[in-house]
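**Student:** Below are the chains, spelled out letter by letter.
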Amino acid sequence: MKMLAPKHRTLYTDFFLAPDGFSFQEAIGTTFSLGLDVVLELPAYLSLQSEKVRNDPIGMLEAMYEQSHSIDVYYQHGRITPPQENSDLLTFAEEMTIPVTAPRKGVFHPKLWVIVFQSEITDEMQCRLVVLSRNLTKATDWDISLQLDGLVNGKPNQDMSALSTLIRRLPGLAKKGLRKDQRSRANRISKMLATVQWSLPEGFKRIEVFVHGLNQSLWNPPPANDVLIVSPFCSDHALDWLTATSSGESTLISNGYTLAKLKESTLEFFNKRYTLSEYFDDVSDDEHADQRRAGSLHAKIFVYDRTYFHTHIVLGSANATHFALGDKRSKSRPHTNIQNVEFIIDLEGYSKQIGTVRQMVEDEEFLSYLVPFDIEDQGEIDKEKMEAENQLDAIRDQFVDAGLTIRCEPTEEKDIYHLTFEGGLPDIKHIKDCCVRLVTVKKEKSLETLPRKGDEFSLGEYSTTQLSQYLAIRLVSNHPDVSLHFVIQAKFENPPGDRIESTIGLIISDEKAFYRYLRWFLASVGILEQSGASKGEGKDEPGASWLTAETPLLETMLRTGAHNPERLRDLRNFINELRKAEKIRDQNIIPESFHRLWSVVEKALKE
Amino acid sequence: MISSFIRWVDHDQQSRDRMAELMRFGQHKESRDELGIGTIRDSISDQLFPGTSVLMSRLRYMFFIPWIYQPLEERKLSSARVAAEVESFERKLIERIRGSEDDEGLLGRRAGEALKILPSSIYWTGLGAWGMRTEPYANLSQGQYHSHLPTVYHRMRESTALRKEAMRVGEGEDAPISIHRTWVKLPPAPDTFHDSDSPVDFRVTVDEGDMIYDLLKTNQGHTALFDLAKSVSTSSDIQQAESVWDPLIYSNYSPYNREIIDHARIFSYASHGGALLYNYLLAKHKPQLFPDSVEEMEMLEEKYRLSLDNWRLSDEYELLQDWDLARFQSIARRTSHRVDKALEFVSQWVGLLRSLKGPLTESIEAGQLIKKREIMQKMNSSRFKPADKRVLENWKGESGTNRLSFRWSNIQILIRDLHAGLSQGR
Numbered sequence: 026m027k028m029l030a031p032k033h034r035t036l037y038t039d040f041f042l043a044p045d046g047f048s049f050q051e052a053i054g055t056t057f058s059l060g061l062d063v064v065l066e067l068p069a070y071l072s073l074q075s076e077k078v079r080n081d082p083i084g085m086l087e088a089m090y091e092q093s094h095s096i097d098v099y100y101q102h103g104r105i106t107p108p109q110e111n112s113d114l115l116t117f118a119e120e121m122t123i124p125v126t127a128p129r130k131g132v133f134h135p136k137l138w139v140i141v142f143q144s145e146i147t148d149e150m151q152c153r154l155v156v157l158s159r160n161l162t163k164a165t166d167w168d169i170s171l172q173l174d175g176l177v178n179g180k181p182n183q184d185m186s187a188l189s190t191l192i193r194r195l196p197g198l199a200k201k202g203l204r205k206d207q208r209s210r211a212n213r214i215s216k217m218l219a220t221v222q223w224s225l226p227e228g229f230k231r232i233e234v235f236v237h238g239l240n241q242s243l244w245n246p247p248p249a250n251d252v253l254i255v256s257p258f259c260s261d262h263a264l265d266w267l268t269a270t271s272s273g274e275s276t277l278i279s280n281g282y283t284l285a286k287l288k289e290s291t292l293e294f295f296n297k298r299y300t301l302s303e304y305f306d307d308v309s310d311d312e313h314a315d316q317r318r319a320g321s322l323h324a325k326i327f328v329y330d331r332t333y334f335h336t337h338i339v340l341g342s343a344n345a346t347h348f349a350l351g352d353k354r355s356k357s358r359p360h361t362n363i364q365n366v367e368f369i370i371d372l373e374g375y376s377k378q379i380g381t382v383r384q385m386v387e388d389e390e391f392l393s394y395l396v397p398f399d400i401e402d403q404g405e406i407d408k409e410k411m412e413a414e415n416q417l418d419a420i421r422d423q424f425v426d427a428g429l430t431i432r433c434e435p436t437e438e439k440d441i442y443h444l445t446f447e448g449g450l451p452d453i454k455h456i457k458d459c460c461v462r463l464v465t466v467k468k469e470k471s472l473e474t475l476p477r478k479g480d481e482f483s484l485g486e487y488s489t490t491q492l493s494q495y496l497a498i499r500l501v502s503n504h505p506d507v508s509l510h511f512v513i514q515a516k517f518e519n520p521p522g523d524r525i526e527s528t529i530g531l532i533i534s535d536e537k538a539f540y541r542y543l544r545w546f547l548a549s550v551g552i553l554e555q556s557g558a559s560k561g562e563g564k565d566e567p568g569a570s571w572l573t574a575e576t577p578l579l580e581t582m583l584r585t586g587a588h589n590p591e592r593l594r595d596l597r598n599f600i601n602e603l604r605k606a607e608k609i610r611d612q613n614i615i616p617e618s619f620h621r622l623w624s625v626v627e628k629a630l631k632e
Numbered sequence: 012m013i014s015s016f017i018r019w020v021d022h023d024q025q026s027r028d029r030m031a032e033l034m035r036f037g038q039h040k041e042s043r044d045e046l047g048i049g050t051i052r053d054s055i056s057d058q059l060f061p062g063t064s065v066l067m068s069r070l071r072y073m074f075f076i077p078w079i080y081q082p083l084e085e086r087k088l089s090s091a092r093v094a095a096e097v098e099s100f101e102r103k104l105i106e107r108i109r110g111s112e113d114d115e116g117l118l119g120r121r122a123g124e125a126l127k128i129l130p131s132s133i134y135w136t137g138l139g140a141w142g143m144r145t146e147p148y149a150n151l152s153q154g155q156y157h158s159h160l161p162t163v164y165h166r167m168r169e170s171t172a173l174r175k176e177a178m179r180v181g182e183g184e185d186a187p188i189s190i191h192r193t194w195v196k197l198p199p200a201p202d203t204f205h206d207s208d209s210p211v212d213f214r215v216t217v218d219e220g221d222m223i224y225d226l227l228k229t230n231q232g233h234t235a236l237f238d239l240a241k242s243v244s245t246s247s248d249i250q251q252a253e254s255v256w257d258p259l260i261y262s263n264y265s266p267y268n269r270e271i272i273d274h275a276r277i278f279s280y281a282s283h284g285g286a287l288l289y290n291y292l293l294a295k296h297k298p299q300l301f302p303d304s305v306e307e308m309e310m311l312e313e314k315y316r317l318s319l320d321n322w323r324l325s326d327e328y329e330l331l332q333d334w335d336l337a338r339f340q341s342i343a344r345r346t347s348h349r350v351d352k353a354l355e356f357v358s359q360w361v362g363l364l365r366s367l368k369g370p371l372t373e374s375i376e377a378g379q380l381i382k383k384r385e386i387m388q389k390m391n392s393s394r395f396k397p398a399d400k401r402v403l404e405n406w407k408g409e410s411g412t413n414r415l416s417f418r419w420s421n422i423q424i425l426i427r428d429l430h431a432g433l434s435q436g437r
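Top line first, the protein sequences correspond to chains A and E.
Residue numbering for the first sequence follows my numbering, starting at 26 and increasing by one per position.
Residue numbering for the second sequence follows my numbering, starting at 12 and increasing by one per position.
So that you can see chain E by itself, here it is in the shape it has in the complex:
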């Protein structure tokens, strides 16, 4: 019962994780996904452009990250050291890129070294999905990967020893044993990359471009991402295209991807109507709690009434009438995103739009559906029924009124960087 001892101390990781998760309950998160359709958007984006995210700003980060990791792994540094060294390298990288001619898309341009989400975590999933990080490490999260490092080192040592042995018995360079690796064999980093005073730039070299091209072809060959990657000759059209479905580039896609894109377009149109109506309803609602805002809100009301009229007059309204919802649902369900509740709402919304007689702003039913959805989605932070009035007060008259773009602007940049690399010396 009584126990006295001298021991080394370990922290209790389980207790620490538990606490970290509990702390998150006390965070105020502003959801921009007022109508709760983000899961469908993500499912479609992931099918079209796997491994990408809205935070990706330049292509060459895909190389920076493995270049940072590789030498640390060769030195067989401990997991904790690797994590720390990577972070410190990434933070220093910010100033080094700033020192180059082209710092557009620099992660941390404003925050500097205080940058919260580091490039390695933004690009981590992509590095796995594109095949830069090899099996069996492709699907590990960054944290899991770090904790696997001791095993990685063990396998590296084993394979090195086996290979040495094979060379010794005379099999020479052709020995059928390859050295265990976590990253594919990459073009080498520029000589100055590991020299902390030299600038680093975003220019993708021809070797790097080829590498990405080959990896995408092998690992993501059927996706819209690769359809665009291989369209080097229409590169300027891609940069001009205003959306994924812009006619300028539509012919670049395979029939399989065209189908997804067609559905994405109508879905984006339908949700846009919902978002405009939501903002219209808020403009009507706000003066009830904040009487001072009445004049400002009347102007907003008018603005959204006009936007909704224009929305209704669009050619896309016709597409809505014949939209094959059942097919759309089966496409949206292809990934692991949980889309069921969102799909249910989309069906109700589209059903309502199809049977609509007068203007959307006068439909009581439509208003109720949107309000109900938002309240269910945001509960206490709903702007219609706020637990804390500030939620509505902070609404400045515009919330999620842009059309869903399925990461289009990010994709344009990634493809631009890739094509710039590929067309060098050709």
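Bound conformation, chain A alone:
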């Protein structure tokens, strides 16, 4: 077991870490579903690393908003998951997220990043392709990734022509008007991809990429001996087709509920069938151990031993379903047969270096996370529930198709706007309830029920900072356990120009907020200790302990200074920069009490 060993792991944010001597320039991402707060993690992460923000902490939010203009994320329309909490800052994601739909009936499914890094000295550029099975959401499932780095050197290279085409075509799939720079970014990156010299991961000799669903050439399974299929969703015909070319042992790893739905003859074809173990029995100190155990299987990996020397690893967004791969029954596999847009990358390598299928599935560590599939463990499929879910999904699709618009009109009062919702509303009969709200307002303030079918209705009045094109919609079915909560990014007509500025201004609105912000910033850039984890106040949200800690700033500063004298220098520099920034902005931001606090710290630490 070499290539897929569970210990080989990476953090999502590390994909955005620039190589030495380079800095982040721009990026295009694609995903099926996304979380607005997850999307915003990226500009926040990048801003916190920038020199500019370190010198002007008060400018963090401005920098983050600016940074959001260098990242475009194309996602399947209607598939924004509603954020846990309301927040005015969610509107910052508006510049980044672009809803798209697949040209055929299916969904837009690719999960990838193309990231451009610029040399800090020369005009050299590097390109990074990240191919994932994970969407841009808070999922903690088992997901796989491929990172591929390459130098942009102007020499034509057709390895990625399918990817280049996909990127070029993205703006055409968009369901909202794009900014000019977004169109040109897609164009620029698409062209650049044709001139990158990729460096393959160790042990690999060849890569080929495929985009399904956009009339490009399709991926075909290679003739092989042993085969391993890892896929959370499967269909009988697709599995048939995936294994038709192999003659050796075949192994299938999926989720229990998926396997339970397959035909017995399909299951019997596989020599081994596994699902992820829900139980774990080791207590390791590895910091990621818990993540590894959490969640269900979401990776999509097909491995083929082509000969005794060569192994193919196939990754990407495609599940082992006919929506993604097509259907063996139609011999020529006409394009129209594939409904989804999918991205697939096929890497061929030396078995000796990357391992064979057998080595992978017989590896002890790998096996310790799996249990043989047992149909007895699977619950009955609740047909009524499934029908109710399908019904709500269909209504979501109608919302997507409706092309909704939010119109924004000023009222007589300053900073208060009236919003109207326009567009052919879906006919939402036969369900219990449908509530709608802007993502910036609390759930409790949802408008109770949408008028069932209609062209226009009032969303009410909102203050400038709450204006948003994201509408959270909650559908409640008549089935007691079924509801669907999603966000639609509507077209936004006539928003006031200053709403982002207003939001930025409100953040450090008072003394308390200033201290909270200061603590957040200092901990985020690593100047202050991440304290409070062991305090156990019982008030903190799971996982957010060190940031929300109640420990006073003074105490934290003193402790940091005492433990870590070199940090004190950073802290002192920081305070100076803060004072300078305040002067440049000609704004009173630092409260008087903070200057007193700081002099106490300095005095105490000198002693």
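If you are wondering where the hints come from, they were derived from the structure by calculation, not from laboratory data.
Quantities reported herein were computed from a predicted structural model and do not represent experimental measurements.
With a straight-line Cα cutoff of 30 Å, these simulated BS3-like cross-link-like pairs (lysine-lysine) come out: (1) K400/E / K467/A; (2) K352/E / K608/A; (3) K103/E / K286/A; (4) K314/E / K407/E; (5) K103/E / K454/A; (6) K103/E / K457/A; (7) K468/A / K103/E; (8) K457/A / K468/A.
Assemble the complex: chain A is given as a structure, and chain E must be docked to it using the hints.
**Tutor:** The following block gives chain E in isolation, referenced to the frame of chain A:
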């Protein structure tokens, strides 16, 4: 410099926490604590009734939560699974309790499964403070507890193995090794508790009542909470009492708690005057920005003028004159709540009240102190100096005018449930 690889993906928890915290800066929070005295109130409440909160609505949740956790921990489910299963159990519990005869105090009665704050998070601190959750887990937050589960399982396995070994060498049931546990040994859940179709009710059994009684005695024996818990014979007085300091029940408290309660009473009285004046001032202020409201506001002005007159005529006004502020401050500082700024304001306010000549509504000084405090407390969302006029517009004429009660109504219910359990079969 160039690196290409295939790896499994982990999310960056630190980056995620950072984002979650940043998002909170964009939330509009309505503070009901206009004059910023909530920290003192909480400090006193925590001393009198530790482990409780204003969200606690019934006692038996104290058992529901560990009953939900225990079997999941026995199955040694992963932290994420435990968190998910607990949440789903709690959400389903809502309908099951609704199906019983008595659903008063049901958390989620209106919100249903959309309930935002789940019982386990409301009762979590209390479960630790009362000793239901054992050391060393008593002080962990719920999130921390979940992430400790792998260690818990490890210790459980270890202690089970040791105990087996001791039994093997013939020490029998008396083996001095106990199985590692996170919850105290609880009365068993009703047979139907884990059957998702059966109703669940709030009735505390005699065993459960005894358990709570014993735990409070051991862990919180010196508090007013236990003083009330043990007063089973005066149970109906407790239900009738209008406040913590009601003479009906005053004799139930120990001298130590009486002192805290005496101070709490005067503090509650003094702040009530501040709150009434604040509302009076707003009624005068609002027509300046919203001229249409002038008639409505004049009526309110009159209402608060009358309330303030009555407030002044109360017997408690005399108590204010001799109030030992220094002693009050040292009592308020006993917990970890940060009370210094609030205490400073209370001293100024009380000093002013003591030297007051005419009616409070005519004192310019008093008006200024209240305004200054509110502006400092609420900054941009101050109703006197709002950054966004809606803040004042949304003021409907009443804000924080009830007296501080130190969670009294919640305590009454918890004690009622406890006593009902204790008196069964006696």
